[in-house]
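Listed here are the chains, written in short residue letters.
Protein chains: 2
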Amino acid sequence: MSEPPAGDRSAGDRRSRRRPRGEAATPLADKPFRHTRNPFAPIEPLSAEQLHQIDDASLRILEEIGIDFLDDEALDLWAAAGAEVDRATQHVRIDRALLRELVGRAPGSFVLRARNPARSLTLGGDAINFATVGGAPFYSDLEKGRRPGTLADFRQMVKLAQQCGPIHLVEGLLLEPQDVPVPVRHLEKALAQFTLSDKALTAAAHGRAVAADYVAMAAIVYGEAALAEGPVFASIVNANSPLRFDERMLGGLIGYARLGQATVITPFILAGAMSPVTLAAAIAQQNAEALAGIALTQLVRPGAPVVYGGFTTNIDMQTGSPAFGTPEGALALLCGGQLARHYGVPFRGSGGLNNAKSVDAQASYETQLSLWPAVMAHANLILHSAGWLEAGLVCSLEKFIIDVEGLAVMQRLLDGIVIDEETLALPFIAEVGPGGHHLGTAHTLARYRSEFYMPIVSDRQNYDKWREDGSHDAARRAHTVAGQLLAAYEPPPLDPAVAEALADFVARRKRELVKE
Amino acid sequence: MSEPPAGDRSAGDRRSRRRPRGEAATPLADKPFRHTRNPFAPIEPLSAEQLHQIDDASLRILEEIGIDFLDDEALDLWAAAGAEVDRATQHVRIDRALLRELVGRAPGSFVLRARNPARSLTLGGDAINFATVGGAPFYSDLEKGRRPGTLADFRQMVKLAQQCGPIHLVEGLLLEPQDVPVPVRHLEKALAQFTLSDKALTAAAHGRAVAADYVAMAAIVYGEAALAEGPVFASIVNANSPLRFDERMLGGLIGYARLGQATVITPFILAGAMSPVTLAAAIAQQNAEALAGIALTQLVRPGAPVVYGGFTTNIDMQTGSPAFGTPEGALALLCGGQLARHYGVPFRGSGGLNNAKSVDAQASYETQLSLWPAVMAHANLILHSAGWLEAGLVCSLEKFIIDVEGLAVMQRLLDGIVIDEETLALPFIAEVGPGGHHLGTAHTLARYRSEFYMPIVSDRQNYDKWREDGSHDAARRAHTVAGQLLAAYEPPPLDPAVAEALADFVARRKRELVKE
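Quick note, the sequences are listed as chains A and B, same order.
Sequential numbering of the first sequence, starting at 1, is according to my numbering.
Sequential numbering of the second sequence, starting at 1001, is according to my numbering.
With the rest of the complex left out, here is chain A (with noise of 0.2 Å):
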């Protein structure tokens, strides 16, 4: 399999790049697909030393404490690995030059094909991916209000996905289409991805069976063949934490690693709830956890692509509720990249949390203090980047479109300055002169269509302009484009004789579970 580009920081060629369908005449139609990569240094904020006191303390963990793997097979290969295993109480302790040399065996950075070739994403190095919000219950829009997420739901959100240039994945567990059946749900939302989207995607780690539908799915969407060379999913196995590995996620963990697919370890830990209070102890447990859970991937199959995953933050003491967005998950954030770059695997960090309830400041100004984080830690693969409200509860129309934006801002500040004769001017320096102004030059006329960022949603009219538009927020301009969108969808063009493969499959596959 071939590398995809890694990223591209000429303005000239991004834009001179075809849009794809369903991309034109949008507000997004100058926003194409296209890889991102960050050129900057990461932001460290742990000393060699500190760096150094985690990394010990997880080891111990593991080593003095311990960790639970509630999986037989789990059990079975740690013991064979040579790990300290209890049976009774499904308990392993593990050595650390063990640990260390299962973690050494995964890859640093691997592609994940997407059915578009051209959007199969590197996971890895300074590559950044940008995933839509994942598991959200619920559904939001002006229109509609606040309700339990629906199949149509989550249709409508993969369309939007599809269409968003700066989304590189659709998470498969996007929200929760809560009028399917939950055995069958998976398979409803697995051909909705395949059906709607050509992009690179996530896949449900709930269980094996669970597992072996996705795979089952993509094998006739790739091909056997195909699907042996390399991951088409990466699915996110979260610790049930603290310091335990239940059953359902384990089974997608070797479920998916077994056959060669991607797996992103993330303990979810809630500071002060699921780990100590303290910063310093939440980091060294999400380590431990992680490095346990990457390590197993390397005893089902040696190289397997696994990710880092850090998704800590802390749990608000006033009322008990998940914090998200808070300075605490931001310092873990940045710590998680530079634990991850330590260990040498890709990282996943989450760049749209926020405890909003409507698309307000709010929702912004946590949502920028997790994305920047996750940018500046160098995660690869960033979940939850678009349409994540209220604890993650929500997936939202609107914050959606919102945070497209603030991801297009992002992918521009990423690009850098070109800096050649061209781009200095000074001739037209010279020429304009001191007090002058440049609206006019050649300079200026040949290039004032395609230089700056063009907004998707922010308002820059004045503000009678804006008053006689109808004085509109930022969440209402964002469902018109939300709309102008949809209305301009077309799906990615797909085998019809694949399409039907994959309906027949999920038609199949319903017929048998609900009869189980």
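The following label-pair restraints were derived from C-beta to C-beta distances:
1) B:1503 to A:449: 52 to 58 Å
2) A:344 to B:1463: 37 to 43 Å
3) A:503 to B:1461: 39 to 45 Å
4) A:117 to B:1148: 55 to 61 Å
5) B:1464 to A:503: 37 to 43 Å
Per the computed footprint, the stretches of chain A lying under chain B, defined by three or more beta-carbons under 8 Å from a beta-carbon of chain B, are:
6) 65-79
7) 326-335
8) 416-425
Over 12 Å on every C-beta distance to chain B, these chain A residues come out as not near it, computed from the model:
9) 26
10) 96
11) 105
12) 177
13) 191
14) 258
Just so you know, these hints were derived from the structure itself, not from any lab.
If you're wondering where the values come from, they're calculated on a predicted model, not measured in any experiment.
Backbone N, C-alpha and C fix where the C-beta goes; we use that ideal spot for every residue, glycine too.
Here the structure of chain A is known, so what remains is to put chain B in place on it, guided by the hints.
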């Protein structure tokens, strides 16, 4: 004069600091004034080669194209130093050797004295200082709406700035009290600043007479002798881009620099209008203008404290409006910091820029898109950090409070992480074990009130509780917080003789200026 404390990374010390008067029993009670430093490496978008290209282009601009200084004294100074001065056109060409020698005289760091010595600020190194918005002609709040600013509004905002710990400086031009005649406006503003706040100040650089009034009032407050020891004002001197310093700003520059007061030389460049459309050219021109202004301060008084100001953004090519909180502006900020470090002078950025017309999601995400790069650029002075709305036309009460939340969060982030045996808490991780929770451990109970950042405006309740409480968005909640703060305001102590002398001075100067 002693150096103020260089920031404080110990969470314990931070919390135990005694609260100043007026900050008790408000939502900001746990966020007292404190010095802030950035412990992370700066983000530097320019390669060594690119930095050289910008530097060289800037020096060519000053050597080959030249720059206007519309002030005879400035022209005298340049002529005496050996620059090529055209008296008729007030145009100056500056040789790179001369320019470099002059810029090299500027101090790399200095202390800006505040009325309260504990609130004096370091400008330079890793120190970060947040200032209020400056220069807004309009004031807005949810109750009174948007209207021309008044002296009462000005005084109210100084009171708020005094009460908000994360605000380090009060901008002398905060908002324009349009109910006060222009010739005496600076007197009323300075009186409000000196009597209602004890924080460090910027002053207006609107000619020699205004500078003289500010310094005369400072002499009343500090005494003549103390004033001679170091700066008590950092005054913004804008270039009239492209390539011109006008008479009023030069009067301020010379007036302040001569007396050892600090100036902040800030080209305000909208790329596409006041410079070529390309960012490389805009930054090279900014650099030329900033260096020329800095060099002049050193001609006036070798070693005069001076700050390199970067305020480059772009015009919106659809509306022709200035665009704020843009990715181009963010890149310019990062480059500006890198350039200032290269020349060894402190750097000033802007932290709250946006084009939003209401305190909505746009107001926040654009603000974060100037705050983050300003901090990551290691700007030592971050103007417009609180209250800026609508392209700077409006000082918004609610935006001010929301921005203070953003600054407090940034302060917490910059504190980094304390890692030691106690915070790693391994015995408690062992005690709770797999699958348990840490809510009731002795470790948590000892820390839960103080370990995590406590929000000012952010709502972390659940949806139902939020609805019960009135479904208030962040702006509405900020309005409530502002009211609580203002109700609790107490003026900082001031010798009654000083207060009387200030009032007398203002009364006398008003009579004189009205006669003129």
